[in-house]
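Based on the hints, put chain P in the right spot on chain X.
Protein chains: 2
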Amino acid sequence: MQRIVVLAGGIGGARFLRGLKSAAPDADITVIGNTGDDIHLFGLKVCPDLDTVMYTLGGGIDEEKGWGRDGESFAVKEELAAYGVGPQWFGLGDRDFATHIVRTQMMGAGYPLSAVTEALCARWQPGVRLLPMTDDRVETHVLIDTADLAGSDGAEEQGRKAVHFQEYWVRLRASVDAHAVVPVGADTAKPAPGVLEAIAEADVVLFPPSNPVVSVGTILAVPGIREAIAEAGVPVVGLSPIVGDAPVRGMADKVLAAVGVETSAAAVARHYGSGLLDGWLVDETDAGAVAGVEEAGIRCRAVPLMMTDAEATARMAREALRMAEEVRA
Amino acid sequence: MQRIVVLAGGIGGARFLRGLKSAAPDADITVIGNTGDDIHLFGLKVCPDLDTVMYTLGGGIDEEKGWGRDGESFAVKEELAAYGVGPQWFGLGDRDFATHIVRTQMMGAGYPLSAVTEALCARWQPGVRLLPMTDDRVETHVLIDTADLAGSDGAEEQGRKAVHFQEYWVRLRASVDAHAVVPVGADTAKPAPGVLEAIAEADVVLFPPSNPVVSVGTILAVPGIREAIAEAGVPVVGLSPIVGDAPVRGMADKVLAAVGVETSAAAVARHYGSGLLDGWLVDETDAGAVAGVEEAGIRCRAVPLMMTDAEATARMAREALRMAEEVRA
Numbered sequence: 004m005q006r007i008v009v010l011a012g013g014i015g016g017a018r019f020l021r022g023l024k025s026a027a028p029d030a031d032i033t034v035i036g037n038t039g040d041d042i043h044l045f046g047l048k049v050c051p052d053l054d055t056v057m058y059t060l061g062g063g064i065d066e067e068k069g070w071g072r073d074g075e076s077f078a079v080k081e082e083l084a085a086y087g088v089g090p091q092w093f094g095l096g097d098r099d100f101a102t103h104i105v106r107t108q109m110m111g112a113g114y115p116l117s118a119v120t121e122a123l124c125a126r127w128q129p130g131v132r133l134l135p136m137t138d139d140r141v142e143t144h145v146l147i148d149t150a151d152l153a154g155s156d157g158a159e160e161q162g163r164k165a166v167h168f169q170e171y172w173v174r175l176r177a178s179v180d181a182h183a184v185v186p187v188g189a190d191t192a193k194p195a196p197g198v199l200e201a202i203a204e205a206d207v208v209l210f211p212p213s214n215p216v217v218s219v220g221t222i223l224a225v226p227g228i229r230e231a232i233a234e235a236g237v238p239v240v241g242l243s244p245i246v247g248d249a250p251v252r253g254m255a256d257k258v259l260a261a262v263g264v265e266t267s268a269a270a271v272a273r274h275y276g277s278g279l280l281d282g283w284l285v286d287e288t289d290a291g292a293v294a295g296v297e298e299a300g301i302r303c304r305a306v307p308l309m310m311t312d313a314e315a316t317a318r319m320a321r322e323a324l325r326m327a328e329e330v331r332a
Numbered sequence: 004m005q006r007i008v009v010l011a012g013g014i015g016g017a018r019f020l021r022g023l024k025s026a027a028p029d030a031d032i033t034v035i036g037n038t039g040d041d042i043h044l045f046g047l048k049v050c051p052d053l054d055t056v057m058y059t060l061g062g063g064i065d066e067e068k069g070w071g072r073d074g075e076s077f078a079v080k081e082e083l084a085a086y087g088v089g090p091q092w093f094g095l096g097d098r099d100f101a102t103h104i105v106r107t108q109m110m111g112a113g114y115p116l117s118a119v120t121e122a123l124c125a126r127w128q129p130g131v132r133l134l135p136m137t138d139d140r141v142e143t144h145v146l147i148d149t150a151d152l153a154g155s156d157g158a159e160e161q162g163r164k165a166v167h168f169q170e171y172w173v174r175l176r177a178s179v180d181a182h183a184v185v186p187v188g189a190d191t192a193k194p195a196p197g198v199l200e201a202i203a204e205a206d207v208v209l210f211p212p213s214n215p216v217v218s219v220g221t222i223l224a225v226p227g228i229r230e231a232i233a234e235a236g237v238p239v240v241g242l243s244p245i246v247g248d249a250p251v252r253g254m255a256d257k258v259l260a261a262v263g264v265e266t267s268a269a270a271v272a273r274h275y276g277s278g279l280l281d282g283w284l285v286d287e288t289d290a291g292a293v294a295g296v297e298e299a300g301i302r303c304r305a306v307p308l309m310m311t312d313a314e315a316t317a318r319m320a321r322e323a324l325r326m327a328e329e330v331r332a
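Chains X and P, in that order, give the protein sequences.
Take the first sequence: its letters are residues 4 to 332, numbered as in our numbering.
Take the second sequence: its letters are residues 4 to 332, numbered as in our numbering.
Next comes chain X alone, as it looks inside the complex (with noise of 0.2 Å):
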């Protein structure tokens, strides 16, 4: 049985896992997720990558968001905002709510987010092995100018300030300049139990057309996932997020931009590098790229990248594992 270790991210790790595991049908998935973009609201634990790829996968997600619950309604929402009570900027809808909740309630008895999540998991049935990436608290923060948030909140002054990821990225749309990126407790977070094993059993390591910044690149920035990656001795194929010049969802050209990286689905390939890398896929729209990025020591295809359809989606899964047989070979 094939072992595929999958570094995802939230709408866009997701929905590949899903073509993944229709490709793969009979493969031992184990799916290390982001939860760099974890946020404490109304004192909850909320874990929106980790949930979205537990929702997708489960049957349980807005197909048409990406995100949050199926049939969800926002009573508890409107009561929070009757009570002055905020954020209201990012949407929390009632059945969503009860995950946080428990999740919340486990973890004040002292099970770490990875038993926690197992326990999600139990009722959600993934179909993968769902690990956060590590127990510990990583937060990622987006340095941005203060003056960009004077309009929403009154601040005068000059200079920057750090905010919270789902802040930048939910509140303010990545709509302003970010000058970093900063995942702020990364340095000192273990990986989750199981996750070095399981990194080690693999037979590929697959990065999913997550955000190469915020997402897979979090999971990379806590120590030990990167070097075990590195020394696994198996091939590693990724998809570019990037197509055309643009991010295919989301606003993955203003994180890039903060890292100092070009929105080319050919620079993302030599940000992620190839001591890292072994495979990398493009769409076909960017064929052009394919020369310079294996030109930089990694094997690269021009294939269609878009997920448009389960089918699709199944396709690009298949175009990732036939790479990475094409590295082992």
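Note that these hints are calculated values from the structure, not bench results.
Treat the hints with care, as some may be off.
Now the stretches of chain P that chain X is said to cover, found in silico as 3 or more residues with beta-carbon under 8 Å [to be verified]:
1. 25–31
2. 44–55
3. 97–105
Quick list of simulated restraints, FRET-style, between CB atoms [as the list claims (entries may be wrong)]:
4. E121/X to T311/P: 52 to 58 Å
5. S76/X to R321/P: 20 to 26 Å
6. A233/P to A122/X: 50 to 56 Å
From chain X, some residues computed to sit far from chain P (all C-beta separations above 12 Å) [stated by the list, open to error]:
7. Q5
8. A118
9. R132
10. L152
11. A177
12. V179
13. D180
14. D190
15. L199
16. A235
17. D248
18. G263
19. P307
20. E328
Positions of the beta carbon are idealized from the N, C-alpha and C atoms, including for glycine.
Quick look at chain P alone, frame taken from chain X:
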């Protein structure tokens, strides 16, 4: 301006207070609320009696049930059940959850329950000052036969077990014998800020037709409160929650038996005692009890005591205030 202090439980206390506000619109009313039925559910702090008073006076109550929010939905509860997380016997709705989330978050940030209650009331504007009896944790437990639990959770052993009041009242619907009612923690609890001051400055103290054991009795169990009322030197007038040898609502007979008091308007008056109570209103049905209560040194009168509508309730409040004037004179 007349200063009135009311010791209130849940539904009965809340409805009486609505009548009192109507009967004495210019009065300065302080409500000392029972917190012995507070319970932690799903990691959240739930204060059923305080919330019933707040929602009822603030226009947010489910009028039919008498507790919980109007227009309520139950998405969170259904999801918690889907996770297999209980208890399911306590009916928390989505709107209600928001109250408990705000409360729990504030308490987690270090605010005492009295400050949290004030903050919640800033939204509801109940028109009274609502104080919890104490900021300390007090939980009313009920001693029952373990055999009575056998059907529900498989307990086989003989003996007695203390269950949380809500488990007795809501889950078991007070259908089994109560051998004792213990307000755990009351002995070391301190009255919340403002409680003793409000009593000391009161012109009248009223006991609404709330449960004399688990509502008013629990408030009186906080050291200092009973003494402050007895020493205030102002009229203390109560309204019988028992009409015709049965509780008007709820299952007060069960917990009265546990403290050795028979279920009658006269027995409840004697239970409070002339050292505490100056006046007592019984229902017309119980006119025969008036003489006995007066023999016990408590002024007594029979008047209609069914809170069938707002006007009937206001009349009850006017009768209580009139009796207070007679006591004073």
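Each hint, compared with the structure:
no., hint, result
1, 25–31, "violated (count 0)"
2, 44–55, "holds (count 3)"
3, 97–105, "holds (count 7)"
4, E121/X to T311/P: 52 to 58 Å, "54 Å, holds"
5, S76/X to R321/P: 20 to 26 Å, "43 Å, violated"
6, A233/P to A122/X: 50 to 56 Å, "52 Å, holds"
7, Q5, "31 Å, holds"
8, A118, "14 Å, holds"
9, R132, "19 Å, holds"
10, L152, "23 Å, holds"
11, A177, "28 Å, holds"
12, V179, "29 Å, holds"
13, D180, "33 Å, holds"
14, D190, "27 Å, holds"
15, L199, "29 Å, holds"
16, A235, "35 Å, holds"
17, D248, "41 Å, holds"
18, G263, "39 Å, holds"
19, P307, "37 Å, holds"
20, E328, "40 Å, holds"
Of the numbered hints listed earlier, those contradicted by the structure are 1 and 5.
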